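Work out the full structure, taking the sequences as your base and the hints as a guide.
Letter 231 of the sequence shown, counting from 1, is numbered 231 in the numbering used here, and no numbers are missing.
Keep in mind that the hints were calculated from the coordinates and are not lab data.
Watch out, some of these pointers could steer you wrong.
[What the hints assert, rightly or not] Below, computed lysine-lysine pairings styled on DSSO-like, alpha-carbon distance capped at 27 angstroms:
| # | residue 1 | residue 2 |
| --- | --- | --- |
| 1 | K156 | K124 |
| 2 | K156 | K36 |
| 3 | K207 | K314 |
| 4 | K314 | K212 |
[Claimed, not checked] Simulated restraints, written as ranges between beta carbons of each label pair:
| # | residue 1 | residue 2 | range |
| --- | --- | --- | --- |
| 5 | Q48 | P144 | 56 to 64 angstroms |
| 6 | Q111 | A222 | 42 to 50 angstroms |
| 7 | G227 | K69 | 18 to 26 angstroms |
| 8 | D35 | E154 | 19 to 27 angstroms |
| 9 | P71 | E154 | 24 to 32 angstroms |
| 10 | N45 | Q97 | 48 to 56 angstroms |
| 11 | A222 | D122 | 33 to 41 angstroms |
Nothing here was measured: the structure is a model prediction, and the numbers come from that model.
Ideal Cβ positions, reconstructed from N, Cα and C, are used throughout, including at glycine.
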Amino acid sequence: MVSSEQHPENCPESEFCSVTVIGFLNFLQPLAWNDKGNYSCKSSNGLQKFVTSSMVLNVLHAPVILNEKYPSDALAAADVGSIARIVCHVSARPEPQFVWLRNGSEIHDGQFRYGIRNSRLDGKIDEFQSILEITDSMIYDHGPYICRASNGNEQKEELVIKLQKKSKPQAPRDLQLISSLPTSLFIGWRPSFDGGEEQNFQLEYRKVNPIKGIPDSTEPVAIYIYGRNASYLTLYEEDETSHRSRRSFSSTAYMVYNISYLNPLSTYWFRVRARNLIGSSDWTPVTTATTSDVRENAAIPRPLTLYYNSAQQKIDFERS
1 MVSSEQHPEN
11 CPESEFCSVT
21 VIGFLNFLQP
31 LAWNDKGNYS
41 CKSSNGLQKF
51 VTSSMVLNVL
61 HAPVILNEKY
71 PSDALAAADV
81 GSIARIVCHV
91 SARPEPQFVW
101 LRNGSEIHDG
111 QFRYGIRNSR
121 LDGKIDEFQS
131 ILEITDSMIY
141 DHGPYICRAS
151 NGNEQKEELV
161 IKLQKKSKPQ
171 APRDLQLISS
181 LPTSLFIGWR
191 PSFDGGEEQN
201 FQLEYRKVNP
211 IKGIPDSTEP
221 VAIYIYGRNA
231 SYLTLYEEDE
241 TSHRSRRSFS
251 STAYMVYNIS
261 YLNPLSTYWF
271 RVRARNLIGS
281 SDWTPVTTAT
291 TSDVRENAAI
301 PRPLTLYYNS
311 AQQKIDFERS
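As structure tokens, then:
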């Protein structure tokens, strides 16, 4: 809830005086750990541009594991003979302590071939990571590791991370239409485990024949999405798994792409797969989406005649 108070100074009549306005952002329910963040307040009196004041809100909370799960455990991968790196990503305040375990036994920094590096993440609010490194990794090293984080008062959180050999990536998840326009479809998907190598994505789409209800025999249009042309969008939804009495929301990062130069009110099939140096994942199931219709503009004059320009493949009109 946003509210404000005015505190006028003692001001004689017929004189201009300054007025101090204090704004408040009130949380009507107890804070959750993910209410932390950067908050900004913009103000203007109509005489100049907005003035912004910002602050960082920190929330005391027990450790929360931020690693992605595929689907129940986190994953890491390394080739035999290389340095295996297993990363544990945590949000906590105060700063957490990390403990690594293998087969029920604690792993210590410098023990055998193990090394542990803990750090606070730059540019992130109360986020930390612990990296377990295994030099000259062997097949014996493959299997589950436990990362345990705690920050006092017996508040602990742990995660199982499975180390495996490098492989082709897993298929992307939750391919969906986010929004549509007359000539474009804005789609998104959640990347899955990259197999231990940097992954990129191949997107294919085909226009559906409105009479047949399926695409014609033409080849699909292929688009390759790498780090340089990739974009991400965070979507928020109500968290039905939360046990809190207040409504809570979870956030999910989607890789997004805008398929452009499409026809209005037309249906398209599209699918995505991931690729890395080792191979390609399976394709996602085909998803169907339709572009929206064009909007009529009353300001455009009514045409007197229409004719098709075959050379330029466009319709021209003569104004009335």
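Verification of the hints:
1. Between K156 and K124 the CA atoms are separated by roughly 21 angstroms; this keeps the pair inside 27 angstroms, and the hint holds.
2. The suggested pairing of K156 with K36 holds, with an alpha-carbon distance near 20 angstroms, which does not exceed 27 angstroms.
3. At roughly 19 angstroms between alpha-carbon atoms, K207 and K314 fall within 27 angstroms of each other, so this suggested pair holds.
4. For the suggested pair K314 and K212, the alpha carbons sit about 25 angstroms apart, so the restraint of at most 27 angstroms is met.
5. For the pair Q48 and P144, the beta carbons lie near 59 angstroms from each other, so the given range of 56 to 64 angstroms is met.
6. Between Q111 and A222, the C-beta spacing of about 49 angstroms keeps the proposed range 42 to 50 angstroms intact.
7. For G227 and K69, the Cβ-Cβ distance of about 23 angstroms falls inside the hinted range of 18 to 26 angstroms, so the restraint holds.
8. At roughly 23 angstroms, the beta-carbon separation of D35 and E154 lies within the given 19 to 27 angstroms, and the hint holds.
9. Against the hinted window of 24 to 32 angstroms, the Cβ-Cβ separation of P71 and E154 comes to about 29 angstroms, which satisfies the hint.
10. Taking 48 to 56 angstroms as the suggested C-beta distance range, the pair N45 and Q97 conforms, at roughly 50 angstroms.
11. For A222 and D122, the Cβ-Cβ distance of about 37 angstroms falls inside the hinted range of 33 to 41 angstroms, so the restraint holds.
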